[in-house]
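Student: For reference, the chains in residue letters:
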Amino acid sequence: MRHSGARIVLECLKREGVDTIFGLPGGAVLPIYDALYDFEGLRHILVRQEAAAGHAAEGYARTTGKVGVCLVTSGPAATNLVTALQDAMMDSIPIVAFTGQVPTHLIGNDAFQEADNVGITRPCTKHNFLVKDGKDLGPTIREAFHLAKTGRPGPVHVDLPKDILVKETDLVWPEKVHMRSYNPTYDGHPGQIKKAARLIARARKPVFYVGGGVISSDAAAELRQLAELTQVPVTTTLMGLGAFPSAHPLSIEMLGMHGTYYANMAVHHSDVLVAIGARFDDRVTGKVDMFAPHAEIVHIDIDPSSISKNIKVDIPIVGDCRRVLKALLAAVREELKEEMPSAVREARKQWAEQIVEWREKAPLAYEWSDDVIKPQYVVQEISNLTQGEAFIVTGVGQHQMWAAQYYKFKHPRHWCTSGGLGTMGYGLPTAMGVQAANPGKLVINIDGDGSFQMNSQELATCFTEGLPVKTVIINNSGHGMVRQWQRIIYKERYCAIDLPGIPDWVKLAEAYGCVGLRVTKPSEVVLALEKMLSTPAPVILDVCVDKDECVFPMVPAGGANTDMILALPTREVKDKAAKSQTGF
Amino acid sequence: MQNGNSEPRKHTISIQVENKFGVLSRVAGLFSARGYNIESLSVGETIDPTVSRMTIVVHGDEFVIEQVMKQLHKLVDVIKVSDLTDDNHVERELVLVRVNAEPQHRAEILRVGDIFRAKVIDVTPVSYTLEATGDEGKIEAMIELLKPMGIQELVRTGKVAIARGPKTRARKVVEASKRPRVSDDPRVVGFAD
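Listed in order, the protein sequences are those of chains A and B.
So for the first sequence, my numbering puts the first residue at 1; every next one is plus one.
So for the second sequence, my numbering puts the first residue at 585; every next one is plus one.
Just chain A, same shape as in the assembly (with noise of 0.2 Å):
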C-alpha cells in the first residue's frame, strides 16, 4: 500500500518503537504534522524552542538507554538544533534528529527557511542523511537508528526535503541492517583481557577510573562485582556519576578539575589506572604529562580512536564495556586462584590505609553558615531526603559542580548533565525530557540562574504537557563559575557576571502557570524542599544562596591535578594559578 512520506516516517518510528517524539511544527515538516494529526501511538511533545527538542530527546535517552527521538522544521530551526545535535555527539547519547528540507528542486537556491542542514550538521553528528527519494525513506530511518545506538552510541540527523514527504510512495523496511562500512567491535580481545587481569591482580596501588561508557552500556552491575571481588577503589568522571554508588566503602567519587581530594591523589599515585568507558577528558587530566605518571594505563572503549588520543595507554581493550567488564571479571577469578605474594597483599593494605588517610585530610567540605545559605548544603539535603532515587538533571556551572560533589548516587541512568560540551540551559529541557520518559517519577532539575534563563521558556511545556519537573536554582545572583574563575585566576577583576535578581522566578514560575517558592534562610531550606516534593505541578524552588561561595577542590585549568586549590585562595595562591593558566 501506497503512503505519503510524512506517513512512512511516522510508521517507520513506530516500528523502531519510538513512543515519544519532541518537536516544533514549520514550513517544510507541515506533512509530517499532517500524518500526525491521526496517527496513533506516538506522543508528541510541543517544546518552545527547537534547542529545547534535542535536550529533551537526550534525557529521554540517558534514563531510559532507548533513542531519543526530535523533529523540527528546516533552516532556523535545524540551526536551532545544532547546539543539542553537539551536546549528544560529545556524550555518546543516543538520538536521531529530524528536520525539515526545502523541497528537492529547490536545494541550493536559497529558498525560504533553507540551510545547507547535512552540511551544518556533519561535524556534529555521529552520521547524517539527506533523504533524496521516498523509497529510502524506511532503510535510512533503520540506519539512522541503528547508527545511534550501536557502537559509541551518538546523534544521527535525518534531513527530509517537503516533497519526499508528500509524494506517496512504497514503504521499503529492510528487517536487518547491514553497513558493510560500519562493523563495531563489541568484544575484547581475549589476549588483552587476560593481561589486564593480570595486572590488577597484581597490582599494588589500583584504581578504577570510570567513564559514561560504564552507562551507556549498561555495566554498573558488572562493575561493581569486578570492584568488590578486586577491592580496587572507583573513581567516576562527571559522565560516570551513578555507575558506581558514591557511598559504596570503595567509592572515591568523582575525579579531575572538581573532583575529590582523594580521587585526584589516588590516580596521580597509582601504579595500575583502569580507564573503563571514559576518554582521559582535559578536565580529567589536567596537565597530561602528570597525570597518572607511575601507572600502567589499561583503557576499555569502544571507540577506538579514544585510546591513546591523549594519553599513551599499555594495554588499550577495544569493545563493550559490559562484555569486557563480564570477561575480565572471569579472567581475574582465574588470576585470583594463584595465591598473591604476600608483598602485593601488604601493599593493597597501605593502600586502602593510604586513601582513608586522604580522604580524612581533605574531605568535601564548606563551611556552615547560620545565615546565608550554602549551596552545597541544598545540595546535601536534597540527596537526604530523596535518598538517591530522583533522576537529578543540572545546567553548568557550578551548581553543576555542587550537585555532582555533594548528591550520593545510587543508580546509573539517573544523572543527567552536559558532560562534554558544558552547554548552559541544558537543565530544564532535558528534565521534560526525563519526565516524558518516565511519567510519576521524581525529577530535579538543579539549575543556575545564569544556566536556568538560557531555556526557562520551556516552563510552558512543563505546564502544558504535565510534566511535573522541580527545578532547584541555585541563585547566586550571577555567573558563578566565571565569577570564581575571575576572582581565583583574574585577580578579581570581575567583568559581565551580575545578573542582578532579575527575573523574579516565584513570578515567572506563576507567569507560566507552575508553581513558585523561594527561600533565603538556611534554617527553611528542608522546608522548601519538603514542599516542593509535595506539590504535583511544575515548580521553581528559587534558593538565595551565598554568592561568594567557590566550587572546591579546584584544579586550575593546564595544572597538574596534585596541585589542588582546596580552599578560598590566599594571595600566594592566586599567583600560582594565575601562573599555572593556560586556558580555560
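Just so you know, these hints were derived from the structure itself, not from any lab.
None of the values given here were measured: they were computed from a predicted structure.
On the chain A side, residues computed to face chain B include the following (Cβ under 10 Å):
hint : residue
1    : Gly119
2    : Arg122
3    : Leu130
4    : Leu147
5    : Arg152
6    : Tyr182
7    : Asp303
8    : Ser308
9    : Lys309
10   : Lys312
Each residue gets a CB set at the ideal place from its N, CA and C atoms; glycine is no exception.
We have chain A already, so just place chain B on it with the hints.
Tutor: Below, chain B without anything else, positioned relative to chain A:
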C-alpha cells in the same frame, strides 16, 4: 600526546569509501576539524562503482597518523583505511606544466621533457605545455629543470598510490609488461620508478 614522539614525516594513506555524495566533505571536514594538514588528496571511482578510493598525503608523527587513521575509520562511510607508507607500494602523480617557449629555450624544454618521458600536449607560439607522471621526486626534479625557462602555470593532481602484489584490489594482476621501465633508462636513474 604524553610521550614518545617519533619524527614527523609524510604518510600516504589510502582509503576506500562509499561512493556517495558528501563523503569527500566528511573526510576533508575531519582533517580541518582536528587540525591535521592534508598535503594532497585525490579521489576516484574504483572497479566497483559503489566504492571510491582516496589517496591522502598527510604530514605527522606516528601518534598523529594513528589518530588520523582511527578518525578516518570512525567515519561511517569509510570502508577501509590503510597506511601505505611503510608497505611495498607504488605512487604516481600527474603534472601539467605550461612553460615559456622562447626560441632559444625550445630545444632545451623538449630535451628535459624527453628525459622525464613527458609529453607535449599543447603548443602555442609562446608556450609549451608538458604532461608528465611519476613519483614526487621525479616531478619535482622536472619542475626544477623547467623553472629557468619560466613556468607560466602548473597543475598537479596530487598523489595516487597502490599497494604492490596481492594487496591490490584488482583480482587479476596483469602480467608485468615487457616494455622498458623508465628506471632502466640510464639518463634518469634516481628519478623515476
